[in-house]
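Enquirer: One line per chain: the protein sequences are D and F, in this order. The first sequence begins at 1 in the numbering used here and counts up by one. The second sequence begins at 1 in the numbering used here and counts up by one.
No lab work stands behind these hints, which were simulated from the structure alone. Just so you know, nobody snuck in bad clues.
A short list of chain F residues far from chain D (calculated; beta carbon distances all over 10 Å):
#1 N9
#2 E23
#3 Y120
#4 A138
#5 L153
#6 E196
#7 K202
#8 D203
Using 16 Å as the maximum straight-line C-alpha spacing, the simulated EDC-like pairs for lysine to aspartate or glutamate come out as follows:
#9 F:K202 x F:E95
#10 D:K69 x F:E74
#11 F:K206 x F:E95
#12 F:K160 x F:E199
#13 F:K142 x F:D204
#14 D:K50 x F:D32
#15 F:K14 x D:D102
#16 D:K3 x D:E75
#17 F:K122 x F:E85
Facing chain F, from chain D, some residues (calculated, C-beta under 7 Å):
#18 A72
#19 A82
#20 T83
Each residue gets a CB set at the ideal place from its N, CA and C atoms; glycine is no exception.
Each chain, letter by letter, is given below.
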Amino acid sequence: MSKLRFETLQLHAGQEEVEGTTRSRAVPIYQTTSFTFKDSEHGANLFALKEFGNIYTRIMNPTTDVFEKRVAALEGGVMGLATSSGQAAQHLAITNIMGTGDNFISSANYTEARTINSGHLQKLGSSTFCSKRDCQ
Amino acid sequence: MIVDGGNYNWGNGKFPQFTEPSEGYHGMVFWDVFGTNGPFGNIAFAIRARVEGLRDYGPAISPFNSFLLLQGLETLSLRVQRIVENAMDLATWLEAHNQVESVSYPGLVSCSTHDNAKKYLKRGFGGVLSFVLKGDKANATKFVDKLKLVSHLANVGDAKTLIIQPSATTHQQLSDAEQLAAGVLPNQLRVSVGIEHIEDIKDDFKQAFAAL
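If we strip away everything but chain D, and leave its shape as in the complex, we get:
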């Protein structure tokens, strides 16, 4: 099939095939905390990241997985990671690459972004530079 367009991806990406057990057309809501292992070896592999699969909804969930794949497809990325809020996404993105003593450049335009960067991160030992106007 040729490369799908945005308008089609927004309906289908991440759920190219319907789920095998129920054949549900809508993306099913897997409202569960945890997922059973096939056997002990399967569980051990999942924990060691030797095999991809569901362990715990906090880390990944099949409903959320479709959502993450769909947004990644729409944005042209390789992988998505959904969080409970945008601020949480920003926190994970920043702490994923920053540590004590690192510097961070921020625009001064948005209040929450500015206070997390200049306030909270400085307390954790990182410096922030706020630009006077826009980041060019």
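Given the coordinates of chain D, work out where chain F should sit on it, guided by the hints.
Expert: Just chain F, lined up with the frame of chain D:
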């Protein structure tokens, strides 16, 4: 939501989190397994944010909310088409209004970023505009309070039309000088245009203008 573009070299030596053994995974090196030369291609940033960040800090999304967001995504482009049509119409109408000092919307020829907007934004100029009302800060506050259909709140990008006075709300924690540096004027209002019928949006604006 984080989307990993998969196009940055986290193994360049400046990010030890990716190139030194991880304590949480028995010494696994993220860039070796999830980097460009690994079996999955470059997904190192997203994987580490998931299995160290999301795992340990825990700001996980509820599966039910993921479902609702998927439901919304199904018609995203249709809503955006209508939003950008309405926004262009409202911006043009406001610019010609005698109680309005100026309108900032990249779709307008008068906007300083119009040439760049035409180059990059091929399918409309977005759903958010701001305008400066003639008069002082209190006058702009009164305009917001007189609106009936348009919602007064801090969000953008709803299906419903929204308005806010940034100087009094979203940017009030900045000093006056910082507000000006961020492009926020006291009598300026920000509108996030929704998918209502455009004439109903204008009618609400008309009755609020008339009440000033």
